[in-house]
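Those sequence lines, one after another, are chains C and D. FYI, the numbering for the first sequence is 1 to 478, going by the working numbering. FYI, the numbering for the second sequence is 1 to 478, going by the working numbering.
No lab work stands behind these hints, which were simulated from the structure alone. One thing to keep in mind: the hints can contain errors.
[Claimed, not checked] Quick list of the computed label-pair ranges, beta carbon to beta carbon:
(1) L109/D <-> K76/C: 29 to 35 Å
(2) R75/C <-> S69/D: 14 to 20 Å
(3) G446/D <-> R108/C: 45 to 51 Å
(4) K76/D <-> P24/C: 43 to 49 Å
(5) K278/D <-> K458/C: 46 to 52 Å
The beta-carbon is built from N, C-alpha and C at its ideal position, and this holds for glycine as well.
2 protein chains.
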Amino acid sequence: MATSNLELVVNPRVLEMEYAVRGPIPQRAAELKRQGREIIPCNIGNPQALGQSPLTYFRQVLALVEEPSKIARERKLKELFEETPGSPLSEDDFLSEYVLEVSERILRLSGTGTGAYTESKGFAFVRQAVAEFINRRDGFTGDLQADPERIFLTDGASDAAKRILNVLIAAPNDGVMIPIPQYPLYSASITMFGGVQVDYYPDEERDWALDRQELERAYRQATRQGVNVKAIVVINPGNPTGAVLDEESVREVIDFAEEHRLAIIADEVYQENVYGEKFVSFARVLGDRPVPLFSLHSISKGFFGECGHRGGYMEVRNPPRIAGSDQSLIDLLLKQASVGLCSNTAGQILTYLMVTPPEEGSEPYALFQREKERILQDLYEKAQMIRAAFDEMEGVKCFGKTGAMYLFPRLDKLPEGTNDFDYCMALLEETGLVTVNGSGFGQKPGTHHLRIAFLPPKEQLQEVLPKWIEFHNRYVRG
Amino acid sequence: MATSNLELVVNPRVLEMEYAVRGPIPQRAAELKRQGREIIPCNIGNPQALGQSPLTYFRQVLALVEEPSKIARERKLKELFEETPGSPLSEDDFLSEYVLEVSERILRLSGTGTGAYTESKGFAFVRQAVAEFINRRDGFTGDLQADPERIFLTDGASDAAKRILNVLIAAPNDGVMIPIPQYPLYSASITMFGGVQVDYYPDEERDWALDRQELERAYRQATRQGVNVKAIVVINPGNPTGAVLDEESVREVIDFAEEHRLAIIADEVYQENVYGEKFVSFARVLGDRPVPLFSLHSISKGFFGECGHRGGYMEVRNPPRIAGSDQSLIDLLLKQASVGLCSNTAGQILTYLMVTPPEEGSEPYALFQREKERILQDLYEKAQMIRAAFDEMEGVKCFGKTGAMYLFPRLDKLPEGTNDFDYCMALLEETGLVTVNGSGFGQKPGTHHLRIAFLPPKEQLQEVLPKWIEFHNRYVRG
């Protein structure tokens with residue numbers, strides 16, 4: 001088909017935007033795949049693309065909510081089964097009464113099922129459940145309790161981050177502080193909305209710790225250049241670093257934000273991916289301090305891995321007043337949400353299930369727990385396997401505790417004239433392993449890294465890791 | 001919970017944006033509903049919120065794709081049933097083999113099911129099916145065939161429209177022509193992306209016909225004011241007017257766009273809602289002429305009504321070259337899509353089902369056709385009921401053939417000092433009927449209208465229409 005002879009001047013911000021997670025390396029991988037090569041896509045935290053199964057309970061409920069007539073049929077079948085001695089079916093062939101009741105409850109509370117637009121903020125009953133989840137998680141009572149009217153259901157956390165940055169960035173010198181390295185959604189969105197990216201550097205050698213001095217340095221440098229810093233993004237657990245912040249670090253960020261009157265954007269989508277470490281939420285440490293906080297969560301990560309369904313939420317605490325307007329920030333976010341009508345309903349239902357796991361002792365509970373523990377245990381063991389491989393690679397150091405779904409090793413011995421992009425591309429060509437070059441996330445000048453998602457099945461890792469070690473040691477020797 | 005003491009300067013474009021479809025009137029309706037009043041939400045084309053059932057076939061397949069283990073179980077149950085004479089179940093209690101096979105095919109073609117991020121553009125097999133649908137619909141062969149690489153799956157058509165406008169609007173004097181009245185997504189998005197809205201007026205008294213002279217007038221006036229007009233939006237069938245364009249009108253727009261080197265954004269989401277009229281696609285009339293065309297479609301409308309699932313596609317024809325860049329427009333749209341990772345998978349699956357209805361003669365075919373015809377017939381009859389009520393209202397005229405899901409009557413006799421917003425608000429307070437004031441869509445100065453979605457069940461219309469007539473005639477007499 002033709003191309004028009006029209007030449008178009010397009011939005012320069014879209015043209016400038018960069019997004020390495022789906023950049024040239026994954027594109028080359030797709031090409032190799034079409035040619036029949038075996039490809040291991042570790043460029044992105046996409047567990048179900050690498051063989052992780054969805055949680056049985058989630059899908060049982062979701063399927064019934066999508067096809068409600070199957071609830072009555074299931075009851076009829078169960079009754080028949082119970083009346084038929086010697087049936088070749090077993091109890092396990094049927095859905096539990098608990099699953100049927102949860103599905104009925106969702107349908108009843110939704111009012112319209114999954115086929116209608118919901119409220120712009122998302123189903124009220126899901127937002128209520130999210131509020132209760134936050135209250136349980138952080139022990140909130142009284143005035144600190146989450147307010148369902150300040151919770152927005154979104155098409156994943158990427159959607160939420162874009163909404164917030166779109167509202168916050170009001171002028172070309174408005175700045176948003178982001179950690180380096182960072183998830184490129186943030187840099188791309190800041191470019192998109194025409195603001196200034198203000199980099200701060202967690203300390204790699206101290207396991208990517210945050211440090212007040214560094215935050216102050218970054219802030220001072222930006223303001224000296226005329227940047228009006230308005231917010232700070234923190235990703236905890238970290239992406240791409242996997243680092244897990246302790247309470248002290250979280251408090252330091254809050255102190256810093258309060259002093260400089262900044263909003264905090266807390267990307268907490270990996271809060272379940274801490275592997276024995278403790279997740280400390282920004283909301284809990286914030287308590288009653290009046291710092292504006294946007295907290296993001298998602299069904300894509302944790303042990304859910306429901307990336308394709310695009311579900312998640314943002315909770316707003318201490319919304320600032322809007323200069324020169326009677327509208328509250330919540331009204332403004334509501335109007336913004338309404339132009340997209342609503343986030344998708346399957347994602348909303350899965351968000352509900354994420355925040356209301358089966359009750360202890362209920363029929364689906366034991367299996368749910370087994371699946372959860374197995375997935376998280378597996379992830380941790382796979383991270384350890386990859387770390388062990390790093391030990392056999394010359395000049396590879398990987399700092400930070402294991403968190404999120406990523407390792408972000410530093411490559412200290414790349415041959416003169418090569419960089420981490422070259423390395424990752426060569427690694428792909430040779431082994432089929434798709435990683436992302438550190439420069440795609442930002443890194444200290446002169447350093448090289450890569451990000452690998454520790455998601456492939458163990459057997460696949462066992463096969464590819466020796467090849468990687470061999471490739472690496474050959475590559476660094478030039 | 002507290003509000004912070006921070007005062008924030010927010011993005012003025014978000015602050016300015018207006019979106020009446022979910023503005024003050026629907027907000028007041030939500031308040032009344034909470035107080036226990038019966039509310040009839042005709043402010044938005046949201047069929048399943050007004051009792052329309054989802055298509056049986058769509059949900060049967062979707063549920064199996066979400067819960068694949070149920071496919072094998074279904075076969076086992078069917079086998080048992082067939083072996084058990086005198087079973088209290090009937091054939092109808094089981095899913096057809098066709099449904100099982102389609103579900104298996106979707107799972108196989110997807111590779112990863114619904115839980116993984118898909119390609120940024122959406123599942124390749126769905127884009128292939130969309131291309132084949134367009135080819136069938138428009139009789140395309142050879143070079144005119146749709147290219148799956150130029151099709152993007154989106155979270156509904158709103159998402160698609162925003163993506164296109166975000167790319168096209170490159171400078172504050174970049175203009176986009178939109179019909180007045182229009183669906184406020186367009187005005188809101190143009191405000192959002194910082195361009196100029198250039199109004200053109202279809203001729204109400206000639207059933208909202210488009211006319212080349214009026215397009216030229218609007219274009220000339222804008223360029224005289226320094227606006228760089230880049231694209232024209234056409235909504236066909238019309239929203240809010242319901243008007244259906246004939247081939248001649250479509251050709252006129254294409255002639256106009258070609259002469260002035262504009263891109264065409266064809267919002268064709270109501271292409272199934274023509275009630276005996278003929279839908280003429282922009283792609284078909286365009287043929288091999290090199291005018292850039294973005295065509296939008298959605299699962300939310302037609303006889304599907306799957307609004308909550310947020311699915312749809314955009315097809316790009318004749319993508320223009322990008323000034324000062326090696327990237328093609330398709331690459332740019334791909335990068336943009338990749339920052340959101342992908343549209344939601346349930347919406348993608350339903351888009352697949354929309355473009356691949358059950359084959360003639362297959363087991364689900366008869367029921368599917370019955371449901372389709374009944375929904376469309378019902379919509380048409382409900383439109384006629386409302387039109388008949390207009391005849392009993394003083395000074396109400398409703399032009400245009402019946403299309404889309406809306407009627408947009410003109411209110412010629414509002415009392416001095418009142419406007420259509422006042423009228424719609426009073427109508428809501430008195431009858432519970434939620435409509436949208438014409439000013440929310442734009443209208444010729446000095447005229448007043450409202451938009452009503454002809455979706456409520458007939459019994460509800462029978463009850464509310466006499467009340468509306470009574471209210472109206474009282475209201476206009478002051």
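May I ask which of the numbered hints given earlier this structure violates, with the numbers listed in increasing order?
5
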